[in-house]
Amino acid sequence: MLNGLHTELEELGMEESQDLINGMREGLTALQDDTGDEEADFDARVGELFRCAHTLKGVSRTIGLAEIEEIAGGLERFFKEVRASRSAGTLDGTLFSEEVDNMLARLDEAIRDIERNQA
Amino acid sequence: MTLEEGCILIADDSVTQREQLKLILEKAGYRISTASDGKEAIALMEQEKPILVITDILMPEVDGFGVLEYMKNHTELKHVPVIVISVVEEMDSVVRCIEKGADDYLTKPFNPTLLEARITACLEKERLHDRERVLHRNLAQSYEALRKAEEAHEALFHMIVHDLNNPLSTTLGAVQILLRDAGTGSVENKKLLEHLQNIRDSGAEMSLLIRSILDVSKLETGNMTVFLSPVDAVKLSKRLCEQFAPQAEAVSVHLSFESEEDSAMVRADEELLTRALQNLLANALRYAWEGGNVVCRVKRNGDSVILSVEDDGPGIPPEYTDRVFDKFFQDTSRGRKGRGVGLGLTFCKMAADAQGARIRVESGEGKGARFEIVVKSMDGSTISSSKPIAESSLPER
Chain A
1 MLNGLHTELE ELGMEESQDL INGMREGLTA LQDDTGDEEA DFDARVGELF RCAHTLKGVS
61 RTIGLAEIEE IAGGLERFFK EVRASRSAGT LDGTLFSEEV DNMLARLDEA IRDIERNQA
Chain B
1 MTLEEGCILI ADDSVTQREQ LKLILEKAGY RISTASDGKE AIALMEQEKP ILVITDILMP
61 EVDGFGVLEY MKNHTELKHV PVIVISVVEE MDSVVRCIEK GADDYLTKPF NPTLLEARIT
121 ACLEKERLHD RERVLHRNLA QSYEALRKAE EAHEALFHMI VHDLNNPLST TLGAVQILLR
181 DAGTGSVENK KLLEHLQNIR DSGAEMSLLI RSILDVSKLE TGNMTVFLSP VDAVKLSKRL
241 CEQFAPQAEA VSVHLSFESE EDSAMVRADE ELLTRALQNL LANALRYAWE GGNVVCRVKR
301 NGDSVILSVE DDGPGIPPEY TDRVFDKFFQ DTSRGRKGRG VGLGLTFCKM AADAQGARIR
361 VESGEGKGAR FEIVVKSMDG STISSSKPIA ESSLPER
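Chains A and B, in that order, give the protein sequences.
Read the first sequence against our numbering and you will find it ends at 119, with the numbers running on by one and no gaps.
Read the second sequence against our numbering and you will find it ends at 397, with the numbers running on by one and no gaps.
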């Protein structure tokens, strides 16, 4: 376990985590702005979001940020379900955006907490 | 910890993950190269073959499965060990990777000791595989060489038993008759002469055969020294025809010598040229029909001289003319008159090659055969200035 062993690595991980959270936020915006009903586009965008969440989960697990790991894991599962309900035709677009926004906000907060504690 | 000469390729879309692995492995003495997705990883692999690949599964552009598939479809990368990194929750993806050919997996968060142990194990396994492949290839080659040698031995054995047997039987038969007749005091001079001639001819045949075997062997291994000097092709051929005259008479074949000139100097090894011509004449006499013709000719052709022996016997079928100089070639379609002296023509070719001369055959089914040895001529002006040249006889193939 590399917890606390290499502060450099942890900092790198924090930076990457922030990048991933921003990436997801951008992805969500792009999704909301998408006017087309294209199944393929939606699937691709959610796929991207899924990968970001997955990677975030991995990074946070590597550097030992349990809270981030948990929320990221939740996002990952959520995106997976969204793909399923989209194909089933039961997706509520607005609800989806709200949920994601919430989780991203929680992630931001978690990061700020960590930074505050480290300072 | 041994320092590997090659590099370990890490493919992961997370920069933190790449860094972490890089730190652990560089500390362990490995050289590392990194890629942030499968596409980049493949590009790097094309430039330099890694000794090991550690790859994430979920990556943009080309994912872990894609990387595995690429590697397994390329011969140079097929045997490079692959370790898949993942999280515990995606075990079925890991299983899929293993099914696709990944060698091992690791879950996050890593234990550096475990990571190193797994890598060492993978590399060791690959090293053993490599050695095994090399050994197997060497074994296959040795076996093939041995098999060929065995084949050659068998052919030689067969040839010796076969071809020595006949002249030996003839000799013994003749001696038997002579002993019997001498015992009863009823030997007629004419019969005596006939039998003695048979014995001599058989002996000559056996001698020729044995010498061919020895000489082919010597020529093959480069142990025969070749002395090139000016040789009179006309005198040599004429002398040999005279030598073979009794034998020709014995089989009722008309042997003649033709030449436009009284002398034709060539650059050759006298001994080898003599023996080659002897083999050709013996061959021709063996193949000519009773009452048939064998002609030995010496003819100039540009800056070469052609020594040829032609018979009007059954000829050589077209599918065999290329192979007639091959070692141990046997044309078994000829029945009782079938080929013996399986090495005679081989010797002729090797002897020709060793002297820088050429030998060729022209023949057709039922049209007899003409064997030609083409040697470089030497005109009179160069005789005095040339000295015999001795060289090793490894023929130029």
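Hints are computed from structural coordinates only; laboratory data are not their basis.
All of these numbers come straight from a predicted model, not from anything done at the bench.
Think of the CB as a built atom: it goes at the ideal place given N, C-alpha and C, for glycine as much as any other residue.
Hints may be right or wrong, so weigh each one.
As the list claims (entries may be wrong) - One-sided and incomplete, this derived list gives chain B residues near chain A with beta-carbon spacing under 7 Å:
#	residue
1	Asp13
2	Val15
3	Thr16
4	Arg18
5	Leu58
6	Asp104
7	Thr107
8	Pro109
9	Thr113
Each hint, compared with the structure:
Interface hint at B:Asp13: satisfied, since its Cβ lies 6 Å from the closest Cβ of chain A, which is below the 7 Å cut-off. Checking B:Val15 against chain A by beta carbon gives a least distance of about 5 Å; that is within 7 Å, so the hint holds. Hint on B:Thr16 holds. Least Cβ distance to chain A is approximately 4 Å, under the 7 Å limit. Because the beta carbon of B:Arg18 sits about 10 Å from the nearest beta carbon in chain A, more than 7 Å, this interface hint is broken.
With a least beta-carbon distance of about 6 Å to chain A, the hint placing B:Leu58 at the interface is held under the 7 Å criterion. At its closest, the beta carbon of B:Asp104 sits 18 Å from a beta carbon of chain A; the interface hint therefore is violated under the 7 Å criterion. Hint status for B:Thr107: violated, given a least beta-carbon distance of 10 Å to chain A, over 7 Å. A distance limit of 7 Å between C-beta atoms decides the matter here; for B:Pro109 the minimum to chain A is near 5 Å, and the interface restraint holds.
Look at B:Thr113: its Cβ only gets to about 11 Å from chain A, farther than 7 Å, so that hint breaks.
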